[in-house]
Amino acid sequence: MTIATTALKLSTSVIPAELHDEAEQSFEAVYLDPTQINFRYEGENLTLTMPDGSYFPRVTLRRCFPLSTNGMYVTVRTPDTEQDRGIEIGIINGIEKLTPESLGALSGELKLHYFVPVIKKVYKVYEEYGFITWKVLTDRGDKEFTMRDNVISTTRQISTTRWLLIDINQARYEINDDGTLDDRSRSLMIRHLLL
Amino acid sequence: MDQPCEEKFDNQDHLKIELPEDIRKLLDTLGEPEERVRVALATDMSAEGVYGEQWLLIDPCALRVFTSENGSSSQRISIQLDKIDDAQIEQCVGNGLLNVSIDGKPQVLLHFSNELTERFALVATYLRHRKENDKLPDFKSDGKRCVACGRRLLDPSMKVCPSCIKREQVLNRLLQLARPYWGVGLIQILLMTAGLGVDLLPPYLTRTLIDQVLTTNAHRDWLIWLVGALLGLQIIRVGLTIGTNVLTNRISTQFTTGVREKMFKHLGTLSLDFFDRNDIGRLLTRINQDTEELQGLINQMASFVLYIMLIIGIGFVLFSMDPTLGLCVLIPAPFVFIATFFYQKYMRPYWRRFWNARWRLNSMLNTFLSGIQVVKAFAQEGQEEDRYHDRNHKVLEARLRVDQAWGKFFPIISFAFGAGGLIIWYAGGHAVLDHRISLGTLMAFLSYLGMFYGPLSSLAQLSQTWNRFTTIAQRTFEFLDETPMVLETAHPVLRPSVEGRIEFDHVSFGYDPYFPVLKDVSFTIQPGEMVGIVGSSGAGKTTLVNMISRFYDANHGSVQIDDVDVRDVPMEELRKNIGVVLQTPFLFRGTLAQNIAYAKPDAPLDEIIRSAKAANAHDFIINMPEGYDTIVGEGGAGLSGGERQRISIARAILLNPKILILDEATSSVDTETERQIQKALEILVKGRTTIAIAHRLSTLYNANRIIALERGRVIEIGTPEQLVEQKGVFYKLVQMQTQFARLDGVVPL
Numbered sequence: 001m002t003i004a005t006t007a008l009k010l011s012t013s014v015i016p017a018e019l020h021d022e023a024e025q026s027f028e029a030v031y032l033d034p035t036q037i038n039f040r041y042e043g044e045n046l047t048l049t050m051p052d053g054s055y056f057p058r059v060t061l062r063r064c065f066p067l068s069t070n071g072m073y074v075t076v077r078t079p080d081t082e083q084d085r086g087i088e089i090g091i092i093n094g095i096e097k098l099t100p101e102s103l104g105a106l107s108g109e110l111k112l113h114y115f116v117p118v119i120k121k122v123y124k125v126y127e128e129y130g131f132i133t134w135k136v137l138t139d140r141g142d143k144e145f146t147m148r149d150n151v152i153s154t155t156r157q158i159s160t161t162r163w164l165l166i167d168i169n170q171a172r173y174e175i176n177d178d179g180t181l182d183d184r185s186r187s188l189m190i191r192h193l194l195l
Numbered sequence: 001m002d003q004p005c006e007e008k009f010d011n012q013d014h015l016k017i018e019l020p021e022d023i024r025k026l027l028d029t030l031g032e033p034e035e036r037v038r039v040a041l042a043t044d045m046s047a048e049g050v051y052g053e054q055w056l057l058i059d060p061c062a063l064r065v066f067t068s069e070n071g072s073s074s075q076r077i078s079i080q081l082d083k084i085d086d087a088q089i090e091q092c093v094g095n096g097l098l099n100v101s102i103d104g105k106p107q108v109l110l111h112f113s114n115e116l117t118e119r120f121a122l123v124a125t126y127l128r129h130r131k132e133n134d135k136l137p138d139f140k141s142d143g144k145r146c147v148a149c150g151r152r153l154l155d156p157s158m159k160v161c162p163s164c165i166k167r168e169q170v171l172n173r174l175l176q177l178a179r180p181y182w183g184v185g186l187i188q189i190l191l192m193t194a195g196l197g198v199d200l201l202p203p204y205l206t207r208t209l210i211d212q213v214l215t216t217n218a219h220r221d222w223l224i225w226l227v228g229a230l231l232g233l234q235i236i237r238v239g240l241t242i243g244t245n246v247l248t249n250r251i252s253t254q255f256t257t258g259v260r261e262k263m264f265k266h267l268g269t270l271s272l273d274f275f276d277r278n279d280i281g282r283l284l285t286r287i288n289q290d291t292e293e294l295q296g297l298i299n300q301m302a303s304f305v306l307y308i309m310l311i312i313g314i315g316f317v318l319f320s321m322d323p324t325l326g327l328c329v330l331i332p333a334p335f336v337f338i339a340t341f342f343y344q345k346y347m348r349p350y351w352r353r354f355w356n357a358r359w360r361l362n363s364m365l366n367t368f369l370s371g372i373q374v375v376k377a378f379a380q381e382g383q384e385e386d387r388y389h390d391r392n393h394k395v396l397e398a399r400l401r402v403d404q405a406w407g408k409f410f411p412i413i414s415f416a417f418g419a420g421g422l423i424i425w426y427a428g429g430h431a432v433l434d435h436r437i438s439l440g441t442l443m444a445f446l447s448y449l450g451m452f453y454g455p456l457s458s459l460a461q462l463s464q465t466w467n468r469f470t471t472i473a474q475r476t477f478e479f480l481d482e483t484p485m486v487l488e489t490a491h492p493v494l495r496p497s498v499e500g501r502i503e504f505d506h507v508s509f510g511y512d513p514y515f516p517v518l519k520d521v522s523f524t525i526q527p528g529e530m531v532g533i534v535g536s537s538g539a540g541k542t543t544l545v546n547m548i549s550r551f552y553d554a555n556h557g558s559v560q561i562d563d564v565d566v567r568d569v570p571m572e573e574l575r576k577n578i579g580v581v582l583q584t585p586f587l588f589r590g591t592l593a594q595n596i597a598y599a600k601p602d603a604p605l606d607e608i609i610r611s612a613k614a615a616n617a618h619d620f621i622i623n624m625p626e627g628y629d630t631i632v633g634e635g636g637a638g639l640s641g642g643e644r645q646r647i648s649i650a651r652a653i654l655l656n657p658k659i660l661i662l663d664e665a666t667s668s669v670d671t672e673t674e675r676q677i678q679k680a681l682e683i684l685v686k687g688r689t690t691i692a693i694a695h696r697l698s699t700l701y702n703a704n705r706i707i708a709l710e711r712g713r714v715i716e717i718g719t720p721e722q723l724v725e726q727k728g729v730f731y732k733l734v735q736m737q738t739q740f741a742r743l744d745g746v747v748p749l
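Sequence lines, in order, name chains A and B. Last residue of the first sequence: 195 (this note's numbering), numbering continuous. Last residue of the second sequence: 749 (this note's numbering), numbering continuous.
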C-alpha cells in the first residue's frame, strides 16, 4: 500500500474535531488574571500555581516587547527541554496587579532572564584593531566589555535618548541619556558611538 | 556521605583554578577536602542578577554551588551526582543558566553571562555523559583562543589576536609570496631613488641662480642654462613619476590578483564545515575586500618608503648646507607630527559618522525601491517620505559637523606647517645679514622645507597603516593555512562498482561536538531501495544525508557504503556515485546544456537530451528560442521553479549515480509542477538506492520504507503500513496532511 492510499483511507476515519480545536487554540492568546495566580521561588526555580490549583514546578518568562514596554505582555512558559519546546501557559498584561510576593519573584526572574545592564557611568573607552572596549559602571556593577567598532551593526537606537550596545558575546548593554549621565560619560558615548 | 561513591578519577584532569580563601574555608567547615574537587568554575553573576561570583564545585560524589560575597561564602545548593539524570544550559538574554534534572524535575543551578556559555556547556555535557564517560572536558577549550597568548579572541575568524601578530614574520611571508615581483620591485626602487635625486636638485640650481646670476650679475649667460636645466629636471621628474606609478600599480595589482586566485583555489579544497563556520558575507570580504585593501596598502607602504627616503635625503642636504639652520628646521617637526596624529584621531569620528549616515540613507533608499510595491499597496508613501527626510537631514548634519571640525582644525595644521617657515625666515635672515650664508642658500632651505613637512605628516599615519597592513596580511595567510576537516584517506579502498547498500552504524554527529544533531543513528538501506525520511525541521534530516556524501565526518560511529567506510573511499569516487537533488536547485550562469552536464562536462549531446527527456525537461527546453543553448542567469534566472528543478534532476540523471539523494526536491513548487517532477523522479529512482527527505508525503508515495527522525534520533523505522499501524509520528503526519488536503478540497469529505 502506498502512502497516498493510506492517507486516503485514514481520512475517512480520523479525528478532525480535536485537531481543529488545537489549531484554533494556538492562534488565540491566553491572558492570565494576575490577581489569581501565584509565583514563588523554590530554590532557584520559579514556580507557578494557577487559579485551579494546577502547579508548574518551573516556568520561564519572556517579555513580548522587552524594549518598548516594561510590565506589560510578559508571557509565562514551561521551560524548553531536549525533547520539546516549552509551551506558553499564558500572558500577563500588567504585572503590577500580581500579589506583592508573586511580583517580587517574577521581577527577580525577569531581572535574571534579561541580563541587560544599564550603563550609569563611562570610565574609559578605547578603540583598537577594529574593536571598542568600554570600562563602565552599570546598574549591576562594574564591567569591561568589547564590541566591534562597526557601530551600524552593534548599536541600536531604541528611542531618541536610549541606545542598546551589543558586545562580541552578544551581551547587551543599555545607555539611557535621560540626564543622569555625567558630561564626560555622555561625550565619550557620543564620540565613540558616532551619535 | 549517605552514599559511598567510587573515586575513579585521577588527579591529572583537575581544572587548576586557584580557589579563593573563603571558598576553601567553607569546604573545610563542610569537611570536604579540597583535593577531591574535580571541577571548580566561577560564574560572573550573583544569584540576584548582578555582577558577582558564584562557584560551581564538582567532586566525585556531589555538585555544589557556593555564593561568595565580600569575602564570605555560603553553600546554596548541594546535589548528589548520581541523582542527576540530565543537564543542559539554557540561553537567556545576555546570560545563560545551567539546569539539571533530578528524578525528571528541573532544577536551576546558576546563571552566567554570555562570556562563559561555552565553559558551562562543557559542564552540562560532562554531567550528561558522566555515567558512560567520566573524563573531564578540557575547560580551556571554551571558545576560540589566541594561539599565541591564550586569551579569548575578539575576532573568532582569526587564530591570533591583533596584538600577537608576529609582524616581521608576516612581512617575511609576504615578501616570499611576492618573489616573482622582486625584479620589478628592484627597478621600482631604482626609479624611486632616481626620482629622489631629481627632487633634490632644483633648490641647488635655484641657489646658484640667485647667488651667481641674480644677486651678483656675474654670470648672466648662465640664466638660460640654469632655467633649461630646471625644465629638464621637471621633464625627467614627470617621466620618473609615470614610471614609478605604473610599476607600483602593476606590482600591487598583479600580486593581489595572484593572492585572490590562490584564495579561491583554496576555497574549493575546504570542507563544508568551514562554510558553516564562516558566513558568505565574511568570505566575500576576505576574498574581495581584503585583497583590494591589501593592494591599496601595498601602494601606501611604497609611498612610505619614498617619504622616508625623501626625509633622510632632505635632512642630509639641509644639514650639509648649514647645520644650525638644519636644526631650526627640526623645531616644528614634532608639532607637525603631533598635529597630524591628533587630526587623525579628532577627525576620524566625524568622517565615520558621516559615512554611517550616508550608508543608512542609501540602504533606506534601497529598501524603499525593492519594496515599492508594498509601500504603494499600503499607501505608505508619506511615512517613507518622512523617514527619508529624517535620514537625509542626518547626513546633512553629519556633513556639516565634518566641515566645521575641519574648519577648526585646518588653521591649526596650517599654522604648524607655516611656523617652520617663519623660524627659517628669522634664523636664516640673520645668517644672511651676518653673511654666514648666501641668499640663495636661504631660498634653497625654504624650498626644501616645503618638501619636508608633507612626507613627515604622512609618516604620522605609518604605524596605523602598518598595523592594518599586517593584520590583513595575517588574515589572508590564516585563510590560506586553513586545513579541511574532512580529509582524503591515505589508504583508499577502490572498488570496481558500487551496489548502493548504505549502513549507518551508531552514528553521532554535531556541527559543534557538544551539541549533537544526530544521536546514535543506526539503520541499513538495501541496494535499490527507496527510503523516505520524515521529521520536523531541525530533526537532523539534511544532516543525515550530508553524512552519506561525506560533507561531514561522524564524531562517533561510521557510515558505510557496500560495507566500506565512506572515510576510506576517495572523495571524488564517492561523490561520483551519489546524485543529489536539493530543495532549491542551483543553476550556474551558462547554457542549459552546460548546466545539465555540470558533473560531466564532456558528456555527448545525445546523453544530455536523454537525461533532459527523462527529467521531463526536454519539452520546455526545445520550445525556447535557443533550445539547449539558452543562457540562464545566476541561480537560474529566467526559468520557473519547476523548470529549474527539472534541470537539476536532469543533472543528477546524467551522472547516473547508484545512490540518489532527494532533499525536499518538490517542496517549493506548486502541485501541477510537482506532478511533473514526480514523473521525472519515478524514472530517476529506478534501480538506484534512493533516500528522499520530504515534508509533503506525496513525494514518498512509492517509498519502500520510512525513517522518522526526532531531535536527531531515529524513532520509527518500517514500511508505511507498519508505521501507520504503530500510530506514532508518521501516523500523525499522515493525519495532518490529510487534514490540510481536506481544507484544500483535494480529499473529499
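To be clear, the hints were calculated from the coordinates, so they are not data collected in a lab. Small disclaimer: the values here were computed from a predicted structure and weren't measured. Be careful, since some hints might not be right.
[To be verified] Straight line, CA to CA, 30 Å or less: simulated DSSO-like cross-link-like pairs of lysine-lysine:
(1) B:K686 / B:K265
(2) A:K135 / B:K159
(3) B:K135 / B:K25
(4) B:K166 / B:K131
(5) B:K345 / B:K265
(6) B:K265 / A:K120
(7) A:K97 / A:K135
(8) B:K159 / A:K143
(9) A:K124 / B:K105
(10) A:K124 / B:K166
(11) A:K135 / B:K345
(12) B:K345 / A:K143
(13) B:K345 / A:K121
(14) A:K124 / B:K732
(15) B:K394 / B:K408
(16) A:K143 / B:K25
(17) B:K658 / B:K686
(18) B:K105 / B:K679
(19) B:K345 / B:K394
(20) B:K600 / B:K613
(21) B:K105 / A:K111
(22) A:K111 / A:K97
(23) A:K121 / A:K111
(24) B:K394 / A:K135
(25) B:K519 / B:K105
(26) B:K135 / B:K166
(27) B:K135 / B:K519
(28) B:K345 / B:K166
(29) B:K613 / B:K519
(30) B:K679 / B:K600
(31) B:K679 / A:K124
(32) A:K143 / A:K120
(33) B:K727 / B:K105
(34) B:K394 / A:K121
(35) A:K120 / B:K686
(36) A:K135 / B:K732
(37) B:K159 / B:K135
(38) A:K97 / A:K124
(39) B:K727 / A:K124
Here is how each hint holds up against the structure:
Between B:K686 and B:K265 the alpha-carbon distance is near 37 Å, which puts this suggested pair outside the 30 Å criterion. Taking the CA atoms of A:K135 and B:K159, the gap is near 25 Å; set against the 30 Å cutoff, the hint holds. In summary, the hint linking B:K135 to B:K25 is supported, as the alpha carbons are separated by about 28 Å, within the 30 Å threshold. As the CA atoms of B:K166 and B:K131 are separated by approximately 45 Å, the hinted pair breaks the 30 Å bound.
Pair hint B:K345 plus B:K265 does not hold up; C-alpha atoms about 39 Å apart against a cutoff of 30 Å. Using a Cα cut-off of 30 Å, the hinted pair B:K265 and A:K120 is violated, with the two alpha carbons roughly 51 Å apart. Among the hinted pairs, A:K97 with A:K135 is inconsistent with the structure: their alpha-carbon atoms are about 38 Å apart, more than 30 Å. A hinted pair counts as satisfied when its Cα atoms are at most 30 Å apart, and B:K159 with A:K143 qualifies at roughly 26 Å.
Distance hint between A:K124 and B:K105 is unfulfilled; the C-alpha atoms sit about 46 Å from each other, more than 30 Å. Simply put, A:K124 and B:K166 have alpha-carbon atoms about 28 Å apart, close enough for the 30 Å limit, and the pair holds. Taking the CA atoms of A:K135 and B:K345, the gap is about 20 Å. The hint holds against a cut of 30 Å. Proposed proximity of B:K345 and A:K143 is supported: the alpha carbons are some 25 Å apart, at most 30 Å.
For the hint linking B:K345 to A:K121, the alpha-carbon distance of about 23 Å falls within 30 Å, and the restraint holds. Straight-line distance between C-alpha atoms of A:K124 and B:K732 comes to about 59 Å, which puts the hinted pair past the 30 Å bound. Of the pairs offered as hints, the one joining B:K394 and B:K408 holds, with about 21 Å between alpha carbons and a cut-off of 30 Å not exceeded. Distance restraint check for A:K143 and B:K25: the Cα-Cα separation of roughly 28 Å lies within the 30 Å cut-off, and the hinted pair is therefore satisfied.
For a cut-off of 30 Å, the pair hint linking B:K658 to B:K686 stands: about 10 Å separates their Cα positions. For the proposed pair B:K105 and B:K679, the alpha carbon gap of about 51 Å is over 30 Å, so the pair is violated. For the given pair, B:K345 sits about 22 Å from B:K394 by alpha-carbon distance, which is consistent with the 30 Å threshold. Note on B:K600 and B:K613: the hinted pairing holds, with a Cα-Cα distance of about 17 Å set against a maximum of 30 Å.
Only pairs whose Cα atoms come within 30 Å are accepted, and B:K105 paired with A:K111 is accepted, the gap being roughly 23 Å. A hinted pair counts as satisfied when its Cα atoms are at most 30 Å apart, and A:K111 with A:K97 qualifies at roughly 18 Å. Under the criterion of a C-alpha separation no larger than 30 Å, the hint pairing A:K121 with A:K111 is consistent with the structure, at around 20 Å. Between B:K394 and A:K135 the CA atoms are separated by roughly 29 Å; this keeps the pair inside 30 Å, and the hint holds.
As the CA atoms of B:K519 and B:K105 are separated by approximately 23 Å, the hinted pair is consistent with the 30 Å bound. With a C-alpha separation of about 36 Å, the suggested pair B:K135 and B:K166 falls outside the 30 Å cut-off, and the hint is violated. Straight-line distance between C-alpha atoms of B:K135 and B:K519 comes to about 19 Å, which keeps the hinted pair within the 30 Å bound. A C-alpha spacing of about 26 Å is found between B:K345 and B:K166, which places the hinted pair at or below 30 Å, so the restraint holds.
Between B:K613 and B:K519 the CA atoms are separated by roughly 41 Å; this puts the pair beyond 30 Å, and the hint is violated. Only pairs whose Cα atoms come within 30 Å are accepted, and B:K679 paired with B:K600 is accepted, the gap being roughly 24 Å. Between B:K679 and A:K124, the direct Cα distance comes to roughly 68 Å. Violation of the 30 Å bound is thereby established for this hinted pair. For the given pair, A:K143 sits about 11 Å from A:K120 by alpha-carbon distance, which is consistent with the 30 Å threshold.
The straight-line distance between the Cα atoms of B:K727 and B:K105 is roughly 28 Å, inside the 30 Å bound, and the hint therefore holds. The hinted pair formed by B:K394 and A:K121 meets the criterion: a straight-line CA distance of about 27 Å does not exceed 30 Å. The straight-line distance between the Cα atoms of A:K120 and B:K686 is roughly 70 Å, outside the 30 Å bound, and the hint therefore fails. Our distance criterion of 30 Å between C-alpha atoms is broken by A:K135 and B:K732, whose separation comes to about 55 Å.
Restraint check: the Cα-Cα separation between B:K159 and B:K135 comes to about 27 Å, which is no more than 30 Å; the hinted pair holds. Of the pairs offered as hints, the one joining A:K97 and A:K124 is violated, with about 41 Å between alpha carbons and a cut-off of 30 Å exceeded. A threshold of 30 Å between alpha carbons decides the hint, and for B:K727 with A:K124 the separation of about 63 Å lies outside it, so the pair is violated.
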